[in-house]
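Number of protein chains: 2
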Amino acid sequence: MKFNILKTTLVALLVMGSVYSSQAQEISAMQAPRVVSPEVAPNNSVSFRVYSPNANEVTVNGSWMGFRETLPLKKEENGVWSVTIDPLPSSMYHYNFFIDGVSAIDPTNPHALRDGTRYASLLMIEGDGSEVFELNPVPHGNISKVWYQSPSLDSYRRMYVYTPPGYDSGNDKYPVLYLLHGAGGDEDAWSALGRANYILDNLIAEGKAKPMLIVMTNGNAWQTSTLQNKPGVETMTRENRAQFQGKFEQSLVEDVVPYIEKNYRVIATKEGRALAGLSMGGGHTITASTQYPGTFNYIGVFSSGIFDANADMAELENKFLALKASGVSKYWVGCGVDDFVMESNKRLLSILDKTGFEHEYYESAGGHTWANWRDYLSIFAPMLFK
Amino acid sequence: MKFNILKTTLVALLVMGSVYSSQAQEISAMQAPRVVSPEVAPNNSVSFRVYSPNANEVTVNGSWMGFRETLPLKKEENGVWSVTIDPLPSSMYHYNFFIDGVSAIDPTNPHALRDGTRYASLLMIEGDGSEVFELNPVPHGNISKVWYQSPSLDSYRRMYVYTPPGYDSGNDKYPVLYLLHGAGGDEDAWSALGRANYILDNLIAEGKAKPMLIVMTNGNAWQTSTLQNKPGVETMTRENRAQFQGKFEQSLVEDVVPYIEKNYRVIATKEGRALAGLSMGGGHTITASTQYPGTFNYIGVFSSGIFDANADMAELENKFLALKASGVSKYWVGCGVDDFVMESNKRLLSILDKTGFEHEYYESAGGHTWANWRDYLSIFAPMLFK
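Residue numbers (our numbering), protein chains in the order written: chain A, 1 to 386; chain B, 1 to 386.
To be clear, the hints were calculated from the coordinates, so they are not data collected in a lab. Computed from a prediction, not measured in an experiment: that's the story for all the values here. Each hint should be verified, as a subset may be incorrect.
Repeated chains share a single entry, so a pair holds when one copy, or any two copies, can fit it.
Cut-off 25 Å, straight-line C-alpha distance, at most; resulting in silico cross-link-like pairs (SDA-like, lysine to any residue) [what the hints assert, rightly or not]:
no.: 1; residue 1: 173; residue 2: 259
no.: 2; residue 1: 173; residue 2: 138
no.: 3; residue 1: 208; residue 2: 156
no.: 4; residue 1: 386; residue 2: 363
no.: 5; residue 1: 354; residue 2: 224
no.: 6; residue 1: 75; residue 2: 226
no.: 7; residue 1: 208; residue 2: 245
no.: 8; residue 1: 319; residue 2: 292
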């Protein structure tokens, strides 16, 4: 019996409720130097460390760094590689190690993030810039993973639904924000990377936002959920994806909205509905709101790159005129000055200008980043349902 | 602007709804050989592959292998390391690569599992042995991440609640299984590793189990949730944990059960309550059921190592006699023949025998594994509420 030697100790640990694990790494880790990573110093400089006496090269790439950029760690005599970076502004970041070129999450960091088909380690630098999306001691809403039938897509799909604090124990009806992710993401993105639930918890606790539901769908019309990804299998080629053009938007308005309004205590009129999305989800937002005028009263388009140089601007203007005529209380557009979709974003703004569509434009620093999208949600949500 | 070269392509991809990512790895991965990992052959042999022209040593450890055991991958000329293992029985497994000794999830596998503070890549070998916990085309229940006040622990805590298919749209009252994890786990364990939601989806669809709620708490009384883990910080020393002895069990019965019975449509009597747990959670099950006789009508103890050689057997017998007198419809015990807690498990059985406590004992192959606990749940759940 392979556990013989350890048996007495392990039973004792179990009785005491201490941590037991059957993983091989546990024991070998006991023999290695104790490594703490990431370690955030009081001045917000960060040290990254990983133990490997045997590696040729260890580097790190973090979301605060440039595209393609990596930073080398230096090996100490005890086999621990480390690097300390300059203080970071308080925010939420993620990073990966590269052990001889192989992407790895930090083995000593208990928090990792899913981003579509990949994982990265979480780095939270707490402070002014992160308070709005931290897990603070305020009442928390709940997140449910909800399966629903989508006749439009002929599939059984999954979405996440945030219900605000007090929803379960009360009888009030709430408004709903439908919040859409970008390409590469899925129904998990707005809570895992976007921290939408904590942002609303915090805004609601401060009285800045109205209590509302947030519905976070899977915008990849060819998927039922992120669970459907298979290793090494392209679930959908680019060509086949084209056949789904507009289908997600249809399923959102014709399947998701009725499901939510049947199964939750919500305000089932235009006045109780907001729609926002980032990048590809910004495109979905534009399409769904113009195809179904009169459905959403509040619209937010974050960093959207939907309009290329060949877009039929005259047709788009007609659609926006119809949407304007249906009555929209707020049309909000956000984009970063360094975002590669800026050109396309400007086409959206020019349509809004030409059609005399009242809107608000927020141009932030930075580019196509979750730091911006968390920021945009924090600005947009307080404008809703008031 | 760092995206300049890629801008046109990326905007086009966004418009088409294709996968875009700002991660550095994306581009370098395009230049590397295309790697598929894991790849399951028709005979269920499995190939693992990872690209690293630069590594000195790459190994893999999987949950089908022995403790501490690792298997070397072999480097090919194109820099891809690979190994193919013999066919595996259909089941759910997890594995990690070690790149020059550093634990890494498989960078090309889109599915990873959290196990407390660690991550591993998921390997699903579909077939007879896995059908009961696979995501099958049957109606799915929903899982909610629910925050609740725990006066017993003076903390605001998180649990997962599974509601069966039909719960949201119906008016029926349902019974509840309270399902507890082991040491090292948390509120995430029974869904992520235990697949409790899919097991119930499948058993309910086949008419084998009654529709029921499953409440999955965090059994670490010193934590509010797994979100509280900090890198490099021992949230609780073994000594300090002792002060929480019995506290989780109190919070379960005095805080969690009333919360569920107030906020969900459930049968709020002993007849509608079952309690089961694995390892440390088996200990919690024994303690909670004996401290609060008359609360639970169905009790399941999976691979529990609570009773050491110094246990006061006379006192325990009295407690079990009181529990027996309160009326328990089913007492079910499961353990693997190779489990290191077998000795302790036998003490539980001897108490049940001595007190004439009617019970069912299931001795499986294998040891202290999730394969067994998924199996035990699949056997236990159909016995409940009938």
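Structure-based check of each hint:
When the C-alpha separation of residue 173 and residue 259 is checked against a cutoff of 25 Å, the pair qualifies both within a copy, at 15 Å, and between copies, at 21 Å. For the homomeric pair residue 173 and residue 138, the shortest alpha-carbon distance inside one copy (21 Å) is at most 25 Å, but the shortest distance between copies (31 Å) is not. For a Cα distance limit of 25 Å, the shortest separation of residue 208 from residue 156 across copies, 23 Å, qualifies, whereas the shortest one inside one copy, 36 Å, does not. In this homomeric assembly, residue 386 and residue 363 come within 25 Å of each other (Cα to Cα) only inside a single copy, at 23 Å, whereas the closest approach across copies is 61 Å.
For the identical chains of this complex, residue 354 and residue 224 are neighbours neither inside a copy (39 Å) nor across copies (53 Å), given an alpha-carbon limit of 25 Å. Taking CA atoms no more than 25 Å apart as the test, residue 75 paired with residue 226 passes in neither setting, with 38 Å inside one copy and 32 Å between copies. Within a single copy, residue 208 and residue 245 get their C-alpha atoms no closer than 37 Å, and across copies no closer than 41 Å, so neither meets the 25 Å cut-off. In the homo-oligomer, the alpha carbons of residue 319 and residue 292 lie at most 25 Å apart inside one protomer (10 Å), although the nearest pairing across protomers, at 65 Å, exceeds that limit.
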